[in-house]
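K.L.:
Quick note, the sequences are listed as chains A and B, same order.
No gaps in the numbering here: position 69 of the first sequence is 310 in this note's numbering, and each next residue is one more.
No gaps in the numbering here: position 170 of the second sequence is 1298 in this note's numbering, and each next residue is one more.
Derived from the structure by calculation, the hints contain no laboratory data.
Take these hints with a grain of salt, some might be off.
Said to hold, decoys possible - Listing some non-contacts, in silico: residues in chain B with all C-beta distances to chain A over 10 Å: (1) S1148; (2) V1149; (3) Y1155; (4) E1160; (5) K1164; (6) E1203; (7) P1215; (8) I1230; (9) F1244; (10) Y1261; (11) L1262; (12) A1265; (13) I1276; (14) K1310; (15) R1312; (16) W1317.
Stated by the list, open to error - Chain A regions said to be covered by chain B (calculated; three or more residues, Cβ under 8 Å): (17) 255–267; (18) 278–291; (19) 305–315.
As the list claims (entries may be wrong) - To list a few chain A residues with every Cβ distance to chain B over 12 Å, as calculated: (20) K358; (21) R388; (22) G435.
These figures come from a predicted structure and were not determined experimentally.
Quick reminder that beta carbons are idealized off the backbone N, C-alpha and C, glycines included.
If you want the building blocks of each chain, they are given just below.
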Amino acid sequence: MARRRGKSSDLSKNNEETLLWAGLATAGVVSLVVIASLALAPIVSIGPEEGNRAPDFVADAYNGGSWYEFRMSDIWDWDWDGNSSDSKWILIQFIDTDCPYCWEEGDEMSQYHAQWKDRVTFVTVSVHLNIPNHESSKSEIEAFRDRTSFGTNENDGDGCNSGRDNCNTRPGTSHQWTYVDDPSNSIFAQWELGGTPFSAILQPDGVVAWNKLKHQGQGGDGEDLPSALQRLVGDS
Amino acid sequence: MMSVLSLELGIFIAGILGASVILQRNYLESGEEGTKGVITSGLLFATVGIVASGWTWSIHNSLMESGSSSMCASEGLVQCGSVIGDPQWNNLFGMPWGVIGIASFGVIFFVLMTLFLDQNAKRSPQFVNYLWYLGIAGIPFVAWLVVIELLLVEGAPHICPYCTVIHLSMIGVFVSAHFMKKRRANSTW
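Please take these sequences and the hints and turn them into a complete structure.
P.N.:
So this is what it looks like as structure tokens:
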């Protein structure tokens, strides 16, 4: 009996040892691969915080003529040296065509574009907030951007600004820049946003230089978008 | 423009071919030696899978850093840039597929290593079953990633050679697991 118990205890010890050696071998191989991979190319910080590379995305975009596949990083100048004034900065704005604050911001954006269009590429991402009367569509995005007729001026849910206005009455002029459709709100989520409107300024190489929430949120220095454009990009 | 063929790709292909030859020579041979050969081929497939996944992770990181990578071609039909650099498709819950590959093949490697170290252990039948389930679970992911390469990435179709090496490694693990299961069923373990 004692001999049998001894045998079974040896077997279980062997089992444990095998698992331990297999675990060590696996940990060794995986660690080596991870270390070598990171030595070849370290992880890049990606996210909405200032100093990080902005989240890249591919989505349907409208340029005033047609819809096409737009990739954010295609407009980045990866070789930007930090000084060159030939490269354009990027202003990314998030809106919902039915959000009243975004509706009002339409005029300011027209003014900023008129002032900085030669040195800043504007991109507006249109999200679809899950709020009653915020149903949007590609046609509504087109009308919001182009300031063309869509919906009525009755508060009937049809049109822009929570369905209260015809899109052709949006404050400001027609927006002459790219509008991106974000129907699943995936770009919105990548930017870790909770609402609209939101804007951020990216360096020409895609690194976040100014994030509205950092400056205008709690504890921020209160710097607004035109002041940030002035500070970072300078006079138009 | 970078050539598609490189030393690293050659090493990975040699690993896949080596594992296939070991499997081919042993899958019909009965007894412990044949079993050891099949397990060894599975281990080699898993090792190639881990290392190639690490390589694609590095390519991903360098593409995020500078928009290009010296580790793989970024133009033409056979290239990595449009596949590994695609922000929409090269991620699962925000993690690049290279990281998921390292973790998945790591688990497979552990199971195979326990079989390799003691193929007659009491737990062997159970671990062969685990390996079989892991192999089955991996195949739909391989199919999905091939669909992404050929149909969904920007400028599709593209064929990413390192991704293909990883897909072949997964298929190799699945086939090895299949023969291990068969050996247990036929009492030729």
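K.L.:
Over 12 Å to the closest beta carbon of chain B is the bar; see if A:R388 clears it.
P.N.:
The assertion about A:R388 holds, with a minimum of 30 Å to chain B.
K.L.:
Is B:Y1261 truly not at the interface, in the sense that its beta carbon sits beyond 10 Å from all beta carbons of chain A?
P.N.:
18 Å, holds
K.L.:
Between the stretch 305–315 of chain A and chain B, are there enough contacts, at least three residues with CB-CB distance under 8 Å, for the coverage claim to hold?
P.N.:
Holds, because 4 residues of the stretch 305–315 of chain A bring their Cβ atoms closer than 8 Å to Cβ atoms of chain B.
K.L.:
Can we trust that A:K358 is non-interface, i.e. its beta-carbon lies farther than 12 Å from all of chain B?
P.N.:
24 Å, holds
K.L.:
Is B:P1215 truly not at the interface, in the sense that its beta carbon sits beyond 10 Å from all beta carbons of chain A?
P.N.:
The assertion about B:P1215 is violated, with a minimum of 4 Å to chain A.
K.L.:
Minimum Cβ separation between B:E1160 and chain A greater than 10 Å?
P.N.:
Nearest chain A Cβ is 16 Å from B:E1160, so the label holds.
K.L.:
Should the label of B:K1164 as a non-interface residue stand, given a Cβ cut-off of 10 Å to chain A?
P.N.:
15 Å, holds
K.L.:
Against chain B, does the stretch 278–291 of chain A show at least 3 residues with beta-carbon separation below 8 Å?
P.N.:
holds (count 8)
K.L.:
Quick one: see if chain B covers the stretch 255–267 of chain A, three-plus residues with Cβ-Cβ under 8 Å.
P.N.:
This one holds; 9 residues, not fewer than the three required, reach chain B with a Cβ under 8 Å.
K.L.:
Was B:I1230 rightly flagged as not at the interface, with every chain A Cβ beyond 10 Å?
P.N.:
6 Å, violated
K.L.:
Taking the shortest Cβ-to-Cβ distance between B:K1310 and chain A, state whether it exceeds 10 Å.
P.N.:
23 Å, holds
K.L.:
Any Cβ of chain A at or closer than 10 Å to B:E1203, or is the non-interface label fine?
P.N.:
15 Å, holds
When held up to the earlier numbered hints, the structure conflicts with 7, 8, 9 and fits the remainder.
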